[in-house]
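Keeping the supplied structure of chain A fixed, place chain B upon it in accordance with the hints.
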Amino acid sequence: QKEVEQDPGPLSVPEGAIVSLNCTYSNSAFQYFMWYRQYSRKGPELLMYTYSSGNKEDGRFTAQVDKSSKYISLFIRDSQPSDSATYLCAMSDSNQFYFGTGTSLTVIP
Amino acid sequence: GAVVSQHPSWVICKSGTSVKIECRSLDFQATTMFWYRQFPKQSLMLMATSNEGSKATYEQGVEKDKFLINHASLTLSTLTVTSAHPEDSSFYICSAETAGEETQYFGPGTRLLVL
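Protein sequences, first through last, are from chains A and B. Per the working numbering, residue 1 is the first one in the first sequence, and the count goes up by one each step. Per the working numbering, residue 1 is the first one in the second sequence, and the count goes up by one each step.
Chain A extracted, bound-state conformation (with noise of 0.2 Å):
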């Protein structure tokens, strides 16, 4: 079994769709949860960061972390085309970070 799991899509909503996001995890020792946006031939952005458990919001992202489920979302309200992105999210246990494998979305006009 995989350390984390994620769906790799592709994933494609209409514009202003909200959008979900998600991994699972094995390892119950993670305490740091990142999603990061990649664009086509760029590196990853951080895009959230939360420690343990619970809800962090950044304008149209949501992040939440279900760590009695392993179990972590992105939500991204009123979805744009510019949003249309590989999403990669990531945990680290303090000793060593796990990517997911990416979530392809796309946006449509």
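Watch out, some of these pointers could steer you wrong.
Distance windows between CB atoms, simulated [as the list claims (entries may be wrong)]:
| no. | chain 1 | residue 1 | chain 2 | residue 2 | range |
| --- | --- | --- | --- | --- | --- |
| 1 | A | 94 | B | 20 | 24 to 34 Å |
| 2 | B | 41 | A | 15 | 20 to 30 Å |
| 3 | B | 41 | A | 17 | 22 to 32 Å |
| 4 | B | 80 | A | 73 | 38 to 48 Å |
| 5 | B | 113 | A | 81 | 28 to 38 Å |
| 6 | A | 10 | B | 86 | 25 to 35 Å |
| 7 | A | 31 | B | 13 | 39 to 49 Å |
| 8 | A | 41 | B | 27 | 19 to 29 Å |
| 9 | B | 40 | A | 17 | 18 to 28 Å |
| 10 | A | 67 | B | 12 | 39 to 49 Å |
| 11 | B | 64 | A | 60 | 35 to 45 Å |
| 12 | A | 5 | B | 73 | 31 to 41 Å |
| 13 | A | 17 | B | 72 | 42 to 52 Å |
| 14 | A | 31 | B | 57 | 16 to 26 Å |
Computed list of lysine-lysine pairs in DSS-like fashion (alpha-carbon distance at most 25 Å, straight line) [claimed, not checked]:
| no. | chain 1 | residue 1 | chain 2 | residue 2 |
| --- | --- | --- | --- | --- |
| 15 | B | 14 | A | 42 |
| 16 | B | 66 | B | 55 |
| 17 | A | 2 | B | 41 |
| 18 | B | 20 | B | 55 |
| 19 | B | 20 | A | 42 |
| 20 | B | 41 | A | 42 |
The set of hints was computed from the structure by calculation and includes no laboratory data. C-beta: ideal position from N, C-alpha, C; glycine also.
What follows is chain B alone, placed relative to chain A:
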């Protein structure tokens, strides 16, 4: 804050030559730097982890003599692809981590094409 730069952004070289890629943390001190390789439409593949002033730790299957990593200062790490071959063509991305923050900040990547 937390900006990481890479240079060059793209490079084309002949087979058999060596290529050096620089990774710099511009506004913070990077205690640890990571080097990744990424093939088209695939996820990041960690190649090695380096701490300032010490030897890099390579992932299984990554040839340390081919991919030389130097982390000479808290703001600079270099990856040298020695005797490059066409199969080394890829997108190389570095990231940096600073003490007290459990997250990585990525550079913009370097696209390498070996002819």
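Now the hints, each set against the structure:
1. A:94 to B:20: 24 to 34 Å: For residue 94 of chain A and residue 20 of chain B the Cβ distance comes to about 31 Å; the hint holds.
2. B:41 to A:15: 20 to 30 Å: Taking Cβ atoms as reference, residue 41 of chain B and residue 15 of chain A lie about 23 Å apart, which means the hint holds.
3. B:41 to A:17: 22 to 32 Å: Given range 22 to 32 Å: holds, Cβ gap about 23 Å.
4. B:80 to A:73: 38 to 48 Å: holds (40 Å)
5. B:113 to A:81: 28 to 38 Å: At roughly 29 Å between Cβ atoms, residue 81 of chain A and residue 113 of chain B fall inside 28 to 38 Å, so the hint holds.
6. A:10 to B:86: 25 to 35 Å: With a Cβ separation near 29 Å, residue 10 of chain A and residue 86 of chain B satisfy 25 to 35 Å, so the hint holds.
7. A:31 to B:13: 39 to 49 Å: About 42 Å separates the Cβ atoms of residue 31 of chain A and residue 13 of chain B, which means 39 to 49 Å holds.
8. A:41 to B:27: 19 to 29 Å: holds (24 Å)
9. B:40 to A:17: 18 to 28 Å: holds (27 Å)
10. A:67 to B:12: 39 to 49 Å: holds (46 Å)
11. B:64 to A:60: 35 to 45 Å: holds (43 Å)
12. A:5 to B:73: 31 to 41 Å: Holds: the Cβ-Cβ distance is about 37 Å, inside 31 to 41 Å.
13. A:17 to B:72: 42 to 52 Å: Once the Cβ atoms are compared, 48 Å apart, the range 42 to 52 Å for residue 72 of chain B and residue 17 of chain A holds.
14. A:31 to B:57: 16 to 26 Å: holds (22 Å)
15. B:14 to A:42: holds (24 Å)
16. B:66 to B:55: It holds: about 15 Å lies between the C-alpha atoms, which stays within 25 Å.
17. A:2 to B:41: The given pair, whose Cα atoms are some 19 Å apart, holds under the 25 Å limit.
18. B:20 to B:55: holds (17 Å)
19. B:20 to A:42: Answer holds: residue 20 of chain B to residue 42 of chain A is near 19 Å, not above 25 Å.
20. B:41 to A:42: The given pair, whose Cα atoms are some 12 Å apart, holds under the 25 Å limit.
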